[in-house]
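Q: Single-letter residue listing:
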Amino acid sequence: MSARTRMPVGLEARQKKGWIGANRYLLLRRTSQLFFLMLFLLGPWFGIWIVQGTLAGSLTLGVLPLTDPFIALQSLVAGHLPATSALVGALIVLGVYAVLGGRVYCSWVCPINPVTDAAHWLHVKLGLSKGWQPKRQTRLWVMATALLVSALAGTVAWELVNPVTMVHRGLVFGMGAAWGMVAAIFVFDLVVSRRGWCGHVCPVGAFYGLLGHKSVVRISAAQRSACDDCMDCYAVCPEQQVISPALKGKPGSSPLILSPDCTNCGRCIDVCAMDVFNFTHRFDDRVDDRPDPLTAPAGRIA
Amino acid sequence: MSVPDISPDRRRFLKDAARMAGGCMLAGGGLAWLARDARALPAQALRPPGALAEAAFLSACIRCGLCVRECPYDTLVLAELGSDGPATGTPYFIARDVPCEMCEDIPCVAACPTGALDPALDDIDDARMGTAVLVDQENCLNFQGLRCDVCYRVCPVIDEAITLDVSHNTRSGHHAMFIPTVHADHCTGCGMCEKSCVLPEAAIKVLPLRMARATPAEHYRKGWEEKDAKGGPVVEGIIDLPDRLPGPGTDNLATPGGFEPAFKLPGTGQ
Ligand code: SF4
Ligand code: SF4
Ligand code: SF4
Ligand code: SF4
Ligand code: SF4
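Read top to bottom, the protein sequences are chains Z and U.
Note that the first sequence covers residues 1 to 302 in the UniProt record's numbering.
Note that the second sequence covers residues 1 to 270 in the UniProt record's numbering.
Since the hints were derived computationally from the structure, they do not count as laboratory data.
Some hints here could point you the wrong way.
With a straight-line Cα cutoff of 30 Å, these simulated DSS-like cross-link-like pairs (lysine-lysine) come out [said to hold, decoys possible]:
#, chain 1, residue 1, chain 2, residue 2
1, Z, K17, Z, K248
2, Z, K135, Z, K214
3, Z, K16, Z, K135
4, Z, K135, U, K222
5, U, K15, Z, K130
6, Z, K248, Z, K16
For each label pair, taking beta carbons as the anchor points, the in silico distance ranges come out as [what the hints assert, rightly or not]:
#, chain 1, residue 1, chain 2, residue 2, range
7, Z, R282, U, R10, 27 to 35 Å
8, U, D159, Z, L140, 28 to 36 Å
9, U, G85, Z, G79, 16 to 24 Å
10, U, V157, Z, V88, 15 to 23 Å
11, Z, G79, U, V157, 19 to 27 Å
A quick note: this is a predicted structure, and the numbers were derived from the prediction, not measured.
For each residue, glycine too, the CB sits at the ideal point set by N, CA and C.
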């Protein structure tokens, strides 16, 4: 490993692409998160009713129903066939995320993401240890448990505790206990488990992950030959296990990040000074062979 | 038989699976406990018009809040985790805070995307959010012979859901009492009466049906109904004994002509 692995994460990218260039997708993502939140808040705050309801279920411009498919599924296994409006809403959401990548919900929409991102930022600043790191599949087990309890108890079980909708509902209808939920998740991610909630526990993220199994929009490490092992992408990726198969794959293997865990956050594109990553679709597995930066004549000063 | 060879990988897998299953049982148990707890809806929490029976409602409502948004009177609120009692995120109202105004077009039901509020409810008078019960006769002003009448007057289904039944005022001896009487067949449980009761704590309260209503006594066969159904006496050839009315020829000593009974019951002290 070079001395560059000990440089602050993203510094090189900032030097090369400028601050904006090195934070492009982060900025876009925060804008998107704010945008979706404001869509819901314009009504209650300013009386501009574009979207009514919450992330659990909403009505846009009085015509477009949207329903969280995981909640609809729990309702279904609890023994209720949702009425047409909710069913159509769930199908639309299913379709959109099945194409865009299930966990696009996580990095571009979910109101908890800024909280866990903030916790992670502080976690790194304070140099805290990883803490408890349960298996990645834990969230799938939690998801199965939520469905099982829904079926047995005849209720939409995860909604009793789901911080995603609870916080969203809190913002739209007035906080209260929901602040406690925000604090609890922040503390959990900060001191108990690094990237713990979204990376290991949240069954909503797990569900959207499954949903995006065959999604079209993908990140590709197309320029992987240019990778100089600075490890910055691993440092920023919330699901770092997804990178290696694409970035470090044998010659001839696909450079696409095909793991459904990838949230399509694009942070790896941001921090890579060598522009290894880019957004593309799942049928584009081109690998561009650029000259190795370290042996190339115009190699950077390390 | 020897212990079958288990490869270290397989062993680790089994161990992990067991650990996961254990953890999930624990978490699932907690969740199930919460779910059970949330089922015991507090007595003062009423569901919106058209809400399915509580168990079905809990499986149907996705906690979206669209019903809350559409309510023009801000009657409905969404429950918060723990503190409110009803299952987290589900809509309810407290009659004494804001009752349901029984909107003609029932916007809350129209807004519900899931059918948790039954779209079959097309006449708000058919809603059964609960039933009003005059729970405290000792403090109700009308029961004391006064003419408060407020609950009666505010009722949107006046003279059907609630009537004033006249009876004799035994205290004053020569006044009437106008007793507010709820008829559950017509009461929608809107809570207007409870909201308007002039007492610091309402004497009339809307209770959920499960608390307000008994089930009919099915094991009783009522003589008068049986008689009507049969079109004649239920038992043939029964002798009709004279009733013990006051008057001559009876054992009522208070009336002139009454006579001493032939024997006295022991211990009657006479
Ligand atoms: S994992 Fe869960 S909490 Fe985290 S961003 Fe995704 S949906 Fe939100
Ligand atoms: S691989 Fe890149 S896009 Fe996917 S989650 Fe990691 S940082 Fe985000
Ligand atoms: S009927 Fe009208 S007042 Fe009553 S809960 Fe529905 S919207 Fe609100
Ligand atoms: S509109 Fe229906 S599904 Fe949504 S919160 Fe109200 S009752 Fe529940
Ligand atoms: S709750 Fe009270 S006001 Fe409403 S219908 Fe029943 S008796 Fe009338």
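Q: For each hint, tell me whether it holds in the structure or not.
A: Verification of the supplied hints:
no. : hint                           : verdict
1   : Z/K17 with Z/K248              : holds (24 Å)
2   : Z/K135 with Z/K214             : holds (23 Å)
3   : Z/K16 with Z/K135              : violated (36 Å)
4   : Z/K135 with U/K222             : violated (67 Å)
5   : U/K15 with Z/K130              : holds (23 Å)
6   : Z/K248 with Z/K16              : holds (23 Å)
7   : Z/R282 with U/R10: 27 to 35 Å  : holds (33 Å)
8   : U/D159 with Z/L140: 28 to 36 Å : violated (60 Å)
9   : U/G85 with Z/G79: 16 to 24 Å   : holds (23 Å)
10  : U/V157 with Z/V88: 15 to 23 Å  : violated (36 Å)
11  : Z/G79 with U/V157: 19 to 27 Å  : violated (33 Å)
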